[in-house]
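Visitor: Start from chain A and add chain B according to the hints.
As they're listed, the protein sequences go chains A and B.
Residue 239 in the working numbering sits at position 239 of the first sequence, with consecutive numbering throughout.
Residue 70 in the working numbering sits at position 70 of the second sequence, with consecutive numbering throughout.
Keep in mind the hints are simulated off the structure, nothing from the lab.
The C-beta atom is built at its ideal place from N, Cα and C for all residues, glycine as well.
Wrong hints could be hidden among the right ones.
[What the hints assert, rightly or not] Here are the simulated distance ranges between beta carbons:
| hint | chain 1 | residue 1 | chain 2 | residue 2 | range |
| --- | --- | --- | --- | --- | --- |
| 1 | A | GLY773 | B | ASP87 | 23 to 33 Å |
| 2 | A | ASP8 | B | LYS65 | 16 to 26 Å |
| 3 | A | LEU623 | B | ASP87 | 34 to 44 Å |
| 4 | B | LYS65 | A | ARG789 | 40 to 50 Å |
[What the hints assert, rightly or not] A short list of chain B residues far from chain A (calculated; beta carbon distances all over 12 Å):
| hint | residue |
| --- | --- |
| 5 | LYS7 |
| 6 | MET22 |
| 7 | GLY32 |
| 8 | ARG76 |
[Said to hold, decoys possible] Keeping only pairs whose Cα atoms sit at most 27 Å apart, straight-line, the calculated BS3-like set for lysine-lysine is:
| hint | chain 1 | residue 1 | chain 2 | residue 2 |
| --- | --- | --- | --- | --- |
| 9 | A | LYS702 | B | LYS7 |
| 10 | A | LYS658 | A | LYS728 |
| 11 | A | LYS39 | B | LYS34 |
| 12 | B | LYS9 | A | LYS779 |
| 13 | A | LYS35 | B | LYS9 |
| 14 | A | LYS774 | B | LYS83 |
| 15 | A | LYS774 | B | LYS9 |
| 16 | A | LYS764 | B | LYS9 |
| 17 | A | LYS728 | A | LYS779 |
| 18 | A | LYS742 | A | LYS764 |
| 19 | B | LYS19 | A | LYS745 |
| 20 | A | LYS761 | A | LYS742 |
| 21 | A | LYS39 | B | LYS73 |
| 22 | B | LYS19 | A | LYS761 |
| 23 | A | LYS35 | B | LYS19 |
| 24 | B | LYS73 | A | LYS38 |
| 25 | B | LYS54 | A | LYS16 |
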Amino acid sequence: MASAQLTDEELFSQLKCFGYIPGPVTENTRPVYLKKLKKFREEQQQRAKGRVSGTSSSSTGAPRPVRHDVRRLSSGRRPGLKSSVLGFSSDESDAETPLRRKGLDHMKRPSRNPHLQQQLKIRTATPLNEANKKQYGVGTALKSNSFPSPDGQTNASLGWETGKRSMHDPESRDEDINDDEVQNSHPVNGRSAARLNTSKLAGEYSDSDEEEVGGHGGPERDRRSLELRRIYTSGPFASHVDGRSRIGGKNCALNPFGNRAMAGCREEDEERGKKGDLDASGGLRSHMLPRKPIYVSLGEDRHSKTGENNHVNSEEVASGSNIDLRPRYRAAYSPILNPQGGYSNHSPVQNHAYSPGTQKKKPTAPEDELLLQFKREEQPSSGSFSAHYLSMFLLTAACLFFLLLGLMYIRMRGSGSPVGDGVIKSHPFGSNFDSSYSKTEKDMILKLLLSLHDHLGIVAGHHDCGEEQYPSRSLSREQVTQYLLAQNGDFEDFIDVSLEWIIRAGQDVGIKLSGQRADDLVTDVSEISWLESTHPRMPFTCRFCRALLTVMNKVLVVAVVVGLVCSVVCYVKYRWRREEEETRQMYDMVERIIDVLRTHGEACQENRDLEPYLPIPHVRDSLVQPQDRRKMKKVWELAVKFLSANESRIRTETQQIKGADFMVWRWIQPPLSSDKSKMWQGKAFPLDRRNSPPNSLTPCLKIRNMFDPDMEVGDSWDLAIQEAILEKCSDNDGIVHISVDKNSKEGCVYVKCLSAEHSGKAFKALHGSWFDGKLVTVKYLRLDRYHQRFPQAQGCSVPLKASSLHQTPTPYPLQHGGPNSSGFS
Amino acid sequence: MSSTSQKHKEFVAEPMGEKPVMALAGIGEVLGGKLEEKGFDKAYVVLGQFLVLKKDEELFRDWLKDTCGANAKQQRDCFGCLKEWCDAFL
Numbered sequence: 001m002a003s004a005q006l007t008d009e010e011l012f013s014q015l016k017c018f019g020y021i022p023g024p025v026t027e028n029t030r031p032v033y034l035k036k037l038k039k040f041r042e043e044q045q046q047r048a049k050g051r052v053s054g055t056s057s058s059s060t061g062a063p064r065p066v067r068h069d070v071r072r073l074s075s076g077r078r079p080g081l082k083s084s085v086l087g088f089s090s091d092e093s094d095a096e097t098p099l100r101r102k103g104l105d106h107m108k109r110p111s112r113n114p115h116l117q118q119q120l121k122i123r124t125a126t127p128l129n130e131a132n133k134k135q136y137g138v139g140t141a142l143k144s145n146s147f148p149s150p151d152g153q154t155n156a157s158l159g160w161e162t163g164k165r166s167m168h169d170p171e172s173r174d175e176d177i178n179d180d181e182v183q184n185s186h187p188v189n190g191r192s193a194a195r196l197n198t199s200k201l202a203g204e205y206s207d208s209d210e211e212e213v214g215g216h217g218g219p220e221r222d223r224r225s226l227e228l229r230r231i232y233t234s235g236p237f238a239s240h241v242d243g244r245s246r247i248g249g250k251n252c253a254l255n256p257f258g259n260r261a262m263a264g265c266r267e268e269d270e271e272r273g274k275k276g277d278l279d280a281s282g283g284l285r286s287h288m289l290p291r292k293p294i295y296v297s298l299g300e301d302r303h304s305k306t307g308e309n310n311h312v313n314s315e316e317v318a319s320g321s322n323i324d325l326r327p328r329y330r331a332a333y334s335p336i337l338n339p340q341g342g343y344s345n346h347s348p349v350q351n352h353a354y355s356p357g358t359q360k361k362k363p364t365a366p367e368d369e370l371l372l373q374f375k376r377e378e379q380p381s382s383g384s385f386s387a388h389y390l391s392m393f394l395l396t397a398a399c400l401f402f403l404l405l406g407l408m409y410i411r412m413r414g415s416g417s418p419v420g421d422g423v424i425k426s427h428p429f430g431s432n433f434d435s436s437y438s439k440t441e442k443d444m445i446l447k448l449l450l451s452l453h454d455h456l457g458i459v460a461g462h463h464d465c466g467e468e469q470y471p472s473r474s475l476s477r478e479q480v481t482q483y484l485l486a487q488n489g490d491f492e493d494f495i496d497v498s499l500e501w502i503i504r505a506g507q508d509v510g511i512k513l514s515g516q517r518a519d520d521l522v523t524d525v526s527e528i529s530w531l532e533s534t535h536p537r538m539p540f541t542c543r544f545c546r547a548l549l550t551v552m553n554k555v556l557v558v559a560v561v562v563g564l565v566c567s568v569v570c571y572v573k574y575r576w577r578r579e580e581e582e583t584r585q586m587y588d589m590v591e592r593i594i595d596v597l598r599t600h601g602e603a604c605q606e607n608r609d610l611e612p613y614l615p616i617p618h619v620r621d622s623l624v625q626p627q628d629r630r631k632m633k634k635v636w637e638l639a640v641k642f643l644s645a646n647e648s649r650i651r652t653e654t655q656q657i658k659g660a661d662f663m664v665w666r667w668i669q670p671p672l673s674s675d676k677s678k679m680w681q682g683k684a685f686p687l688d689r690r691n692s693p694p695n696s697l698t699p700c701l702k703i704r705n706m707f708d709p710d711m712e713v714g715d716s717w718d719l720a721i722q723e724a725i726l727e728k729c730s731d732n733d734g735i736v737h738i739s740v741d742k743n744s745k746e747g748c749v750y751v752k753c754l755s756a757e758h759s760g761k762a763f764k765a766l767h768g769s770w771f772d773g774k775l776v777t778v779k780y781l782r783l784d785r786y787h788q789r790f791p792q793a794q795g796c797s798v799p800l801k802a803s804s805l806h807q808t809p810t811p812y813p814l815q816h817g818g819p820n821s822s823g824f825s
Numbered sequence: 001m002s003s004t005s006q007k008h009k010e011f012v013a014e015p016m017g018e019k020p021v022m023a024l025a026g027i028g029e030v031l032g033g034k035l036e037e038k039g040f041d042k043a044y045v046v047l048g049q050f051l052v053l054k055k056d057e058e059l060f061r062d063w064l065k066d067t068c069g070a071n072a073k074q075q076r077d078c079f080g081c082l083k084e085w086c087d088a089f090l
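Chain A with its partners taken away, still in its complex shape:
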């Protein structure tokens, strides 16, 4: 059987695909798990064939009864198929398809029904549900005529089985149905089209059902996805059944297909989504759900595409294009399912299986649409798509706004307030000025000053901007006079006056007067030689550039500082993390060294030939792989230091081994529990109703596992044992007879008590306790048997007491005041 080819891992993963987490696959459990895998696969098929259990709950925890039901019922209905199932192998290659192809044609139909119905039940939300139901109603009417029995069951309320065994829908079945229905559809009328639809829908559902559960055996999946594709390609997507139906040959055939295909596509996704919700292995869920919104929006696309589809339909599309599209489809679909190998095996099979006639003409458009669906899937859905753009838009708007703001600011800064030739309202010269001159004179003076001011500003600005026109920033008095006269002839009279006023003005009016040399303060008009503006006016571009440069410089500085700080922080964090890592590694190494040394020490205990120490380099080389040695060097050093400083059980010394001096480690922890005295070490489990009898039955107890006769050394270990028992039951002074069976392999001790009650107490005290590393168990013995065995016990009636000295067991009987009891066996 091909199942033998499965490795353990494959078996494990395949079982997991069915939503079942297996235990370890070992030699012993392998056959069991193989059987389980087979069972799962059988279920798939049978689920494909007949959904019969209508009562399965939606809990994922109840797959088993469902499975059984399905199996039982389907086995009843389909003996023929079962035989094919028995030949089931994990390698679902073509070997199976011929088997299936033999075409239990009649059997396939009923499977559609229940399957379809179930799926319809889920699709409560689809708008197409109505149409489907109507069609289905028709379909069932048609089908129920031919297939009596299964319908009854399926018409019952079908809960959605969430056992989620995907149907293994053999492709041959679908193919056959496709062929049948294609042929049937040629006489096209509403009913047969409907039937076509429903069966196709069923096929859809079955496909989708299979697909949902995801990555089951590769061939299965491939077949399924191929089927799906086939069905998709088998018809154009028509958004609605009505308008497009052109009566006539292939178009009619195509339309229903398309309708179904689209419906199926949409539903399939919803179904898949739902299945994803319900599936135990919810890994597919994240894949499935996001597709829903896409398909909702895709409906509209399909509307637009139908026009093309019909055009394309009318063309002859070679089947080759179908083949080409399929790999694309697969590639797009692969995020959802993981197609495994064997995929390509089926495509030629598929192509042959296709009824070459009408199917071949199925256009590429549906596949295109499908591809679109899946491609779009990778993009954000429509909602978030616009959201993405919206955010970008907002961002650019904000940037633009700030830019404009900056420009405006710059412009404002740069320009003074160009007043022009209007009346100058305010001046800095004080009220004296106003009173000294008449209005016109005042205006002249002020205008003069203003123009002077502006001119000087321009000069200075241009100079600052580096234009060659103005080699110097300041203007000489002659130049000024020239300029002013050029402006206005009347200015001439007022030049001196203005200048005087400038001097008189205490504040800065925007013009700086300087004497022969720069920076000389002038107090008199006659001294003025140079005039300079203190508010240079620069051309716009210059201003802008300078502003920009300034801003950039500042930003750069800030960025550099921030960068430095960040880098420092990062570096510190990195170092810190490195150190932590090293410390952790060091501790790990220390642990391992200790383990090695301890085991070596213990080995030395047993085997006196070994040296009790281990050379350090040898330990290192045994613990650290050669390729890691260089990396771990530092860690190793730290570990060695740590051990020498902090570990008390290991002593570092120098020894000579084979003539060379080595630093060695010696394990000096003495072995624990060399103490020979036997001790009670606590209880293993609480005694409750389940592991102890409800009441004490007899006064006699048999205590097992108190000792191992082979291991006991010494003469009077049995007495020690008795002592121990008595000590343990020291509160219970009803023990009258103890007998240690020295030869028993099980380490048995027989105890007789005064009464059942006492024995019950003793039972509670002893049963389940650890003694000397062994788990002690107690059971009741029949009194007559006990007396048979120990006749001397019949006469015992005096309670035994433990001797006060526990460590050195006295060689004599422990009881006192008991002359009757004699001898211990």
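Guide: Frame of chain A, contents of chain B only:
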């Protein structure tokens, strides 16, 4: 009265220790012999198998059937016995 057998009660009453596989409820001489041939000579080995199968009833029963040909009742008894033992002691 519980529906467990005497054997079951005995087995569940105490840690199994080195009990032979015949001490398991449902496993008699014949089945015990078959199990021993397969290497399951002590009850604890069967316990090990039970635990490796994650105490899953169906799997364990299948395994038991495959290994020694136990019928349904025997499987059931054995499983129940081991399960209860685990509940009490594990």
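Visitor: Going through the numbered hints above, which ones does this structure break? Give me the numbers in ascending order.
Guide: 10, 13 and 23
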